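A.B. asks: In case you want the letters, here they are:
There are 2 protein chains.
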Amino acid sequence: MATEATKTRPARGPLNGVDTPTLFGTLDAVKGQPGLAKFQFRARNRWRSGTLSETTIDTFTGAGGEHPHKTTFKMQADHPAVLVGEDRAPLPVEYLLHALATCITGGIANIAAARGVKLTEVESKIEGDIDLLGILGLSKDVRNGYQGIRASFSIKGDAPPEKLQEIVEQSRSRSAVFDVLTNGVPVSLSVNAG
Amino acid sequence: MATEATKTRPARGPLNGVDTPTLFGTLDAVKGQPGLAKFQFRARNRWRSGTLSETTIDTFTGAGGEHPHKTTFKMQADHPAVLVGEDRAPLPVEYLLHALATCITGGIANIAAARGVKLTEVESKIEGDIDLLGILGLSKDVRNGYQGIRASFSIKGDAPPEKLQEIVEQSRSRSAVFDVLTNGVPVSLSVNAG
Numbered sequence: 014m015a016t017e018a019t020k021t022r023p024a025r026g027p028l029n030g031v032d033t034p035t036l037f038g039t040l041d042a043v044k045g046q047p048g049l050a051k052f053q054f055r056a057r058n059r060w061r062s063g064t065l066s067e068t069t070i071d072t073f074t075g076a077g078g079e080h081p082h083k084t085t086f087k088m089q090a091d092h093p094a095v096l097v098g099e100d101r102a103p104l105p106v107e108y109l110l111h112a113l114a115t116c117i118t119g120g121i122a123n124i125a126a127a128r129g130v131k132l133t134e135v136e137s138k139i140e141g142d143i144d145l146l147g148i149l150g151l152s153k154d155v156r157n158g159y160q161g162i163r164a165s166f167s168i169k170g171d172a173p174p175e176k177l178q179e180i181v182e183q184s185r186s187r188s189a190v191f192d193v194l195t196n197g198v199p200v201s202l203s204v205n206a207g
Numbered sequence: 014m015a016t017e018a019t020k021t022r023p024a025r026g027p028l029n030g031v032d033t034p035t036l037f038g039t040l041d042a043v044k045g046q047p048g049l050a051k052f053q054f055r056a057r058n059r060w061r062s063g064t065l066s067e068t069t070i071d072t073f074t075g076a077g078g079e080h081p082h083k084t085t086f087k088m089q090a091d092h093p094a095v096l097v098g099e100d101r102a103p104l105p106v107e108y109l110l111h112a113l114a115t116c117i118t119g120g121i122a123n124i125a126a127a128r129g130v131k132l133t134e135v136e137s138k139i140e141g142d143i144d145l146l147g148i149l150g151l152s153k154d155v156r157n158g159y160q161g162i163r164a165s166f167s168i169k170g171d172a173p174p175e176k177l178q179e180i181v182e183q184s185r186s187r188s189a190v191f192d193v194l195t196n197g198v199p200v201s202l203s204v205n206a207g
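Protein chains in written order, with my numbering: chain A, 14 to 207; chain B, 14 to 207.
Possibly wrong hints are sitting among the right ones.
Put simply, identical chains are the same to the list, so a pair is met inside one copy or across any two.
Straight-line distance between alpha carbons at most 30 Å, and here's what the computed DSSO-like set of lysine-lysine pairs gives [stated by the list, open to error]:
1. K153 with K87
2. K153 with K131
3. K44 with K153
4. K87 with K138
5. K51 with K153
6. K51 with K169
7. K153 with K176
8. K138 with K169
If you are wondering where the hints come from, they were derived from the structure by calculation, not from laboratory data.
Quick caveat: nothing in here was measured; it's all calculated off a predicted structure.
Please take these sequences and the hints and turn them into a complete structure.
C.D. replies: See below:
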């Protein structure tokens, strides 16, 4: 989820499946009324059995109002057998890698369209290393989460390699998920028990 | 994704859909051979069109070897219309909320089983606030990612409220996703262009 404001904009039609005129229209609208940029996203989750639970995502707030998604999205997470689950869905930590890949990739498409670059391919591989001695309570010196994440992007389109590279870099520098993963975010938790 | 080591363990059968004997067996195996706790998770992503891309998750490394998931998991992310997408899938930033909810919930089930507590309900709501002035390049003072995330859990089971509350707190304190989101993680990115 990343895009950019440019001061001088050639008139461009839709490109890469991105509705570029609407993209620029949105930027102009938000410039005139910055409160439109305030969003709230939300998810509801329900435990099923063992390590399996299911999340429902159906509405969000932003651009001055409440919005339903076109569809009610449902997704699950589980642990694999080697981590005492039944492998009915990806692991929670795998969804972090998915979030990172898709955030930077969506931004690449938007930024390329805004710059008039037609893309033919964007692929990525994301890897995360984690030592479960932390989670398992077997070491106090090992963190619970990933110790490091590596992302590698491959991009092709009708622009020189340096320009394609710049588009990826611009997307990274404006990515919400990259920011959250690298810089962290305050998370508060409340419990209603009984 | 969280569990715990306990020094004194009553013999317990499976509970909450968690295979507790296997859980304790895993802990003993890892205690004897800490290298088994090193895992690597991975995701491959391919851009489709506009802000839509698709991730494939099929293998991971850990417990001393390479493992296929039971199924090849595929998942997509997109932007909604108000953010210049077609709303064909959840947003990347919504997947972060899903990852947080499912990580803490899976841990709750494991920890409750280990403590002999039968759960009847675990539900959660997660909200994240984000100001898109950062992403849109309209303010340098606004971060790209969430400014804050609030999680509220509701838990019911055959234990007093304080004990149920402790289980949630223990899961939070051992959650891989909670750690990554609150503390951040180094992310490196490489690009192959052209």
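A.B. asks: Against each hint, give a clear statement of whether it holds in the structure.
C.D. replies: For each hint, the structure was consulted:
1. Neither within a single protomer nor between protomers do K153 and K87 lie at most 30 Å apart by alpha-carbon distance, with minima of 35 Å and 35 Å respectively.
2. With identical chains, the CA atoms of K153 and K131 are at most 30 Å apart between copies only, with a shortest distance of 28 Å across copies and 50 Å within one.
3. In the homo-oligomer, the alpha carbons of K44 and K153 lie at most 30 Å apart only across protomers (13 Å), although the nearest pairing inside one protomer, at 48 Å, exceeds that limit.
4. When the C-alpha separation of K87 and K138 is checked against a cutoff of 30 Å, the pair qualifies both within a copy, at 25 Å, and between copies, at 14 Å.
5. In this homomeric assembly, K51 and K153 come within 30 Å of each other (Cα to Cα) only across copies, at 15 Å, whereas the closest approach inside a single copy is 39 Å.
6. Proximity of K51 and K169 under a CA criterion of 30 Å is satisfied in neither setting, with 34 Å inside one chain copy and 35 Å between copies.
7. For a Cα distance limit of 30 Å, the shortest separation of K153 from K176 across copies, 23 Å, qualifies, whereas the shortest one inside one copy, 45 Å, does not.
8. In this homomeric assembly, K138 and K169 come within 30 Å of each other (Cα to Cα) only inside a single copy, at 15 Å, whereas the closest approach across copies is 40 Å.
Hints 1, 6 from the list above are not met by this structure, while the remaining hints are.
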